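A.B. asks: Below, each chain spelled out in residue letters.
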Amino acid sequence: MVVEAPGDQPVPPAAGVLPAVDDAPARPPPSAARGSRWAWIGSPVALIPLLLVVAVAAVLVAASHFQDFGPSFWSTDYNFLPADSAASSWGIGAFLVGTGITAGAALVLATVLSLALSISIVVYLPSVPSRVLTILTNLLAGIPSVVYGIWGYVILAPYFALSLEPGLRDAIGWIPGFGGPASDIGPHGLLLAIVILTIMIIPLTTALMREALRGVPNDLLEAGLALGATRWEVARRVQMRSARLGIGSAVLLGFGRAIGESVAVAMVIGAVPMLPASLYAASTTQASFIFYQLDSAFFYPVLLRFLVEIAIVLLAIALVVNLFAQRLTQTEIATATTVGGAGGPAGR
Amino acid sequence: MAVAVVLLVVGIGAGYALGKYYGGSSSTGASAGGCTTTISETGSSLIYPYLQILSPNYTAENPGICVSPASTGSGTGISSAESGLVDIGGTDAYLLPSTASQYNLINVPIAISAQLIVYNLPGITQHLNLNGTILAMIYQGAITTWNNPLIQAANPGVTLPSNTIVPLHRSDGSGDTFMFSSLCYLSWSGWTHSYGTTISWPIGPGAEGNSGMVTTLSSTPYGIAYIGISYLSEIQADAHLQYAALGDQNANFDGQVASGGAGQQNYIMPTPQNISEDANLALNNLQPPSVAISLILGGVPGATDLVLGHGGTNATSADPTPYGDTNLEYTLISTHPKSSAHQKWVVNFLEWALTYGGTYASQANFLPLTAEVIGYDMLALNAVPVSA
Amino acid sequence: MTTAAAAPAGIGDGGELRRASGRLRRRLLFDRAIGWILLAAFAVVLFPLFDMLYWVSANALPTMSWGTLTENQVGTGGGLYPMIQGTFVIVGLATALAVGLGVAAGFYTSEYAPPSVARLARIAGNLLAGVPAIVLGYFGYFLLVIYAGWGFSALAGAITLGIFMTPYVYRTTDVALSSVPKGQREAALALGARPHQYLGRVAFRIALPTVLTGVFFAMALGLGEAAPLYYTAGFNSYPISNLTSPTGTLSVVIYQFYDNPASFGHFLALAFQAAFLSIVIVLGLNVAVQLLSDRYRRRLRGLYQ
Numbered sequence: 001m002v003v004e005a006p007g008d009q010p011v012p013p014a015a016g017v018l019p020a021v022d023d024a025p026a027r028p029p030p031s032a033a034r035g036s037r038w039a040w041i042g043s044p045v046a047l048i049p050l051l052l053v054v055a056v057a058a059v060l061v062a063a064s065h066f067q068d069f070g071p072s073f074w075s076t077d078y079n080f081l082p083a084d085s086a087a088s089s090w091g092i093g094a095f096l097v098g099t100g101i102t103a104g105a106a107l108v109l110a111t112v113l114s115l116a117l118s119i120s121i122v123v124y125l126p127s128v129p130s131r132v133l134t135i136l137t138n139l140l141a142g143i144p145s146v147v148y149g150i151w152g153y154v155i156l157a158p159y160f161a162l163s164l165e166p167g168l169r170d171a172i173g174w175i176p177g178f179g180g181p182a183s184d185i186g187p188h189g190l191l192l193a194i195v196i197l198t199i200m201i202i203p204l205t206t207a208l209m210r211e212a213l214r215g216v217p218n219d220l221l222e223a224g225l226a227l228g229a230t231r232w233e234v235a236r237r238v239q240m241r242s243a244r245l246g247i248g249s250a251v252l253l254g255f256g257r258a259i260g261e262s263v264a265v266a267m268v269i270g271a272v273p274m275l276p277a278s279l280y281a282a283s284t285t286q287a288s289f290i291f292y293q294l295d296s297a298f299f300y301p302v303l304l305r306f307l308v309e310i311a312i313v314l315l316a317i318a319l320v321v322n323l324f325a326q327r328l329t330q331t332e333i334a335t336a337t338t339v340g341g342a343g344g345p346a347g348r
Numbered sequence: 001m002a003v004a005v006v007l008l009v010v011g012i013g014a015g016y017a018l019g020k021y022y023g024g025s026s027s028t029g030a031s032a033g034g035c036t037t038t039i040s041e042t043g044s045s046l047i048y049p050y051l052q053i054l055s056p057n058y059t060a061e062n063p064g065i066c067v068s069p070a071s072t073g074s075g076t077g078i079s080s081a082e083s084g085l086v087d088i089g090g091t092d093a094y095l096l097p098s099t100a101s102q103y104n105l106i107n108v109p110i111a112i113s114a115q116l117i118v119y120n121l122p123g124i125t126q127h128l129n130l131n132g133t134i135l136a137m138i139y140q141g142a143i144t145t146w147n148n149p150l151i152q153a154a155n156p157g158v159t160l161p162s163n164t165i166v167p168l169h170r171s172d173g174s175g176d177t178f179m180f181s182s183l184c185y186l187s188w189s190g191w192t193h194s195y196g197t198t199i200s201w202p203i204g205p206g207a208e209g210n211s212g213m214v215t216t217l218s219s220t221p222y223g224i225a226y227i228g229i230s231y232l233s234e235i236q237a238d239a240h241l242q243y244a245a246l247g248d249q250n251a252n253f254d255g256q257v258a259s260g261g262a263g264q265q266n267y268i269m270p271t272p273q274n275i276s277e278d279a280n281l282a283l284n285n286l287q288p289p290s291v292a293i294s295l296i297l298g299g300v301p302g303a304t305d306l307v308l309g310h311g312g313t314n315a316t317s318a319d320p321t322p323y324g325d326t327n328l329e330y331t332l333i334s335t336h337p338k339s340s341a342h343q344k345w346v347v348n349f350l351e352w353a354l355t356y357g358g359t360y361a362s363q364a365n366f367l368p369l370t371a372e373v374i375g376y377d378m379l380a381l382n383a384v385p386v387s388a
Numbered sequence: 001m002t003t004a005a006a007a008p009a010g011i012g013d014g015g016e017l018r019r020a021s022g023r024l025r026r027r028l029l030f031d032r033a034i035g036w037i038l039l040a041a042f043a044v045v046l047f048p049l050f051d052m053l054y055w056v057s058a059n060a061l062p063t064m065s066w067g068t069l070t071e072n073q074v075g076t077g078g079g080l081y082p083m084i085q086g087t088f089v090i091v092g093l094a095t096a097l098a099v100g101l102g103v104a105a106g107f108y109t110s111e112y113a114p115p116s117v118a119r120l121a122r123i124a125g126n127l128l129a130g131v132p133a134i135v136l137g138y139f140g141y142f143l144l145v146i147y148a149g150w151g152f153s154a155l156a157g158a159i160t161l162g163i164f165m166t167p168y169v170y171r172t173t174d175v176a177l178s179s180v181p182k183g184q185r186e187a188a189l190a191l192g193a194r195p196h197q198y199l200g201r202v203a204f205r206i207a208l209p210t211v212l213t214g215v216f217f218a219m220a221l222g223l224g225e226a227a228p229l230y231y232t233a234g235f236n237s238y239p240i241s242n243l244t245s246p247t248g249t250l251s252v253v254i255y256q257f258y259d260n261p262a263s264f265g266h267f268l269a270l271a272f273q274a275a276f277l278s279i280v281i282v283l284g285l286n287v288a289v290q291l292l293s294d295r296y297r298r299r300l301r302g303l304y305q
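Chains as they are written, first to last, in this note's numbering: chain A, 1 to 348; chain B, 1 to 388; chain C, 1 to 305.
Since the hints were derived computationally from the structure, they do not count as laboratory data.
It cannot be assumed that every hint is accurate.
[As the list claims (entries may be wrong)] Partial pick of chain B residues on the chain A-facing surface, computed with a CB cut under 8 Å:
#1 Ser98
#2 Gly157
#3 Asp172
#4 Gly173
#5 Ser194
#6 Thr197
#7 Tyr267
It should be emphasised that the depicted structure is a prediction, and the values quoted were computed from it without experimental measurement.
The C-beta atom is built at its ideal place from N, Cα and C for all residues, glycine as well.
Please model the complete structure; the sequences and the hints are all you need to start from.
C.D. replies: Structural data, given as structure tokens:
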């Protein structure tokens, strides 16, 4: 094996500039193997993730058979007539609206709660409780999504239908979304789906925000405290401000996770592909619809292609949101999800 | 660190090795290791318990021949049978005969099932009288309150509440939806939502699976739902829920709607006797003789709509008490098998199930087939080419 | 090394509050109130966790026996052995695939690829992590089950799940290798180590705990996710003896068996037991991650001294 010593090779100026590397000098030393005769082989291997993303998109496009559902595809008019599919209408508007409302509202709740959790862990709590809470929030991520769904409709749903939703409607019905017809109130609906989704994405958003807050140099924190600021003042004025990009990216990635959740949402949202009149109304989402209708679609080829096209739109939305999140900051997405707080690469 | 690496490697390999080990030595009935032939089935989650009950009994009589059913879904059962991935596809809804012959498949009914119409009406504990037309109008939004004159006319003497009806439907694709939408389609000419394993319901929320229907209805006052009869004991155990008797004429009776009343009807409870009666009336006099049936409509004169393929009969019974929301559970097998030696056992298993399965049907809350349908099945199975 | 470990004590601690007055007192009280509000947020989040754990355990444990782990699913009872085996096989193979693809890609991204390629690769890695699980399920169904004609099989399930897990392994590998301290590299190369010797003996040894952390986390995610498996691995009530058979898994069993009447034997109990087993396995993986990162922390401390 003939590998030249790296020092003999000229180094491209930008080589080795990697995100999240501790205090890297402007012109870092050469990577060990870069410039060797293996370098060109590396590029295709490094691009395996890209190949996989492209393959997923390609297979879905092929499976859609390029079926053209016409301009009404973007309308909210969905009416599937199994025995007369030519007369059916195929609008995905209601699915987009349902996806947007559930993921958006779940994200607002999850952002508030995750900020609270991550500030507690990073700023307020001593080491041991903070680690225990980290493990517990991680465990929340490991509960099978089916269990969330069944727990939602067996345990939570009766409270929502019989106490919470009627109570909310009486108390704050004047707020748009919280009023609406009394007939919307029931065990299924947007509100329950939002709550379940919130709980499901909190582990992700909390982990990402925790990492973002930890990324704020300790000096700033200590300087703030030394100047007589309270912990909350430091958290709000120093940490949240310094980490705002990381927090923003956590929010967007949480949104990506929320729009993709299928099984649990399918069990609680009520599966009605129409525009909802209130937050209590049953609705549907793209991901849940393509999950619970797939078995039936084997009977009806047109429905199957429609589901595939919904999947393509969902994939496109997920990728665009993800790209925005990455543009926002160079947050180490997979790392933050991975770590359970402790495996952070640079051991900050 | 070495420990962690070893753990990971063990994690990857252990399951597979254990599978080989247990596969050969498991003592609980037939295992993959002890099978010389494995008959694979996939499809309807309703049929799964029935086949799981049959499977060890069949293997006990035919050592080495195992039946491996899988609970996936009727659509999956049909598509898997079409593509030849399994020996038997299980489905709650028949495969259109034209499609079936295109894929060289035949419909082989193996049991009779029925559906309950269940409601959650606070303060009302008796069985209400309902019929297909009323149900179709409820699910299309033409009847919106419980004290609607049509419902009141069918239930003289019952004080019905004025509350809005909440019709629940299945959110997942389902044979139950196929049955119920067929009932609506056949019962009311105003029904505009077609029929199938999934349709676009104009009103009301959906629930996932029959379990979801029961749970959801229980916390939905003034709700109504269609639920497989397997859940009878759950429904009886739930103080909020009660199920309805259905009118004996499920065919179109728009005339009665026009006259504002439900007219002369018998209302039939979904008892095993009444379901069997329906099956006997209809299935023993099939006109024309076809087992591709969406709803078994005993005692419905001239109900021979071939487009929909529901089973009716002109025969009348001295004691006509058929429960109308009844159907057949189907298996699909190939008439052009890849291996006729293997297919021999597939056919043998179905013949065994048709002959002896009746004694196990009640354990899965099914009813045994009628002799006439078994006769059709046997004829069809005899035509499948198998090696001697 | 982490701020969590150092949890700085602000001036909001007891004594100052008693002595403080006026505006400072208000600020301190506000700070304390915020602290309680943050803790309340924990309660809101942890209630569902504990309620789910209790609910699953209470329904799973009374009927759980040794047979649950060792018996086939027979009739309306029996055990979950085939699904446990299927879960191990599929998650094991998927892990092998994810490690193969993820470590290779992460390794090349970090050590070989030109910066422009590395940048693109990292973006793509994060994109792959953002692909919804159900969309991957569709991909696996159409490509492997239908086009390749494998049918529902352990292999189709494992590959689909492996792709789901790959980005997590990929990113941790990349980041772990990238953050090996520069001093280590310079020292190794200065001592005359060849690049592959440096990578094999120094860089990977340092990066391994982080990579394993990522692998375990990916396994935990894969265990709980039914969407990619539902229409790729299928279902089986017998243990599989080859990778082309339909294969049952715990996450799919929960979904399938819960939809059965309580009067049907033990289907419901089996659903809860499957949920219980997956949670226990995930808990085990979480503990493994924590133990690993403890080791990692100690090792790093040694390195920097």
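A.B. asks: Now look at each hint and say whether the structure bears it out.
C.D. replies: So, going through the hints one by one against the coordinates:
| no. | hint | verdict |
| --- | --- | --- |
| 1 | Ser98 | 14 Å, violated |
| 2 | Gly157 | 28 Å, violated |
| 3 | Asp172 | 4 Å, holds |
| 4 | Gly173 | 2 Å, holds |
| 5 | Ser194 | 4 Å, holds |
| 6 | Thr197 | 4 Å, holds |
| 7 | Tyr267 | 28 Å, violated |
The structure shown violates the earlier hints numbered 1, 2 and 7.
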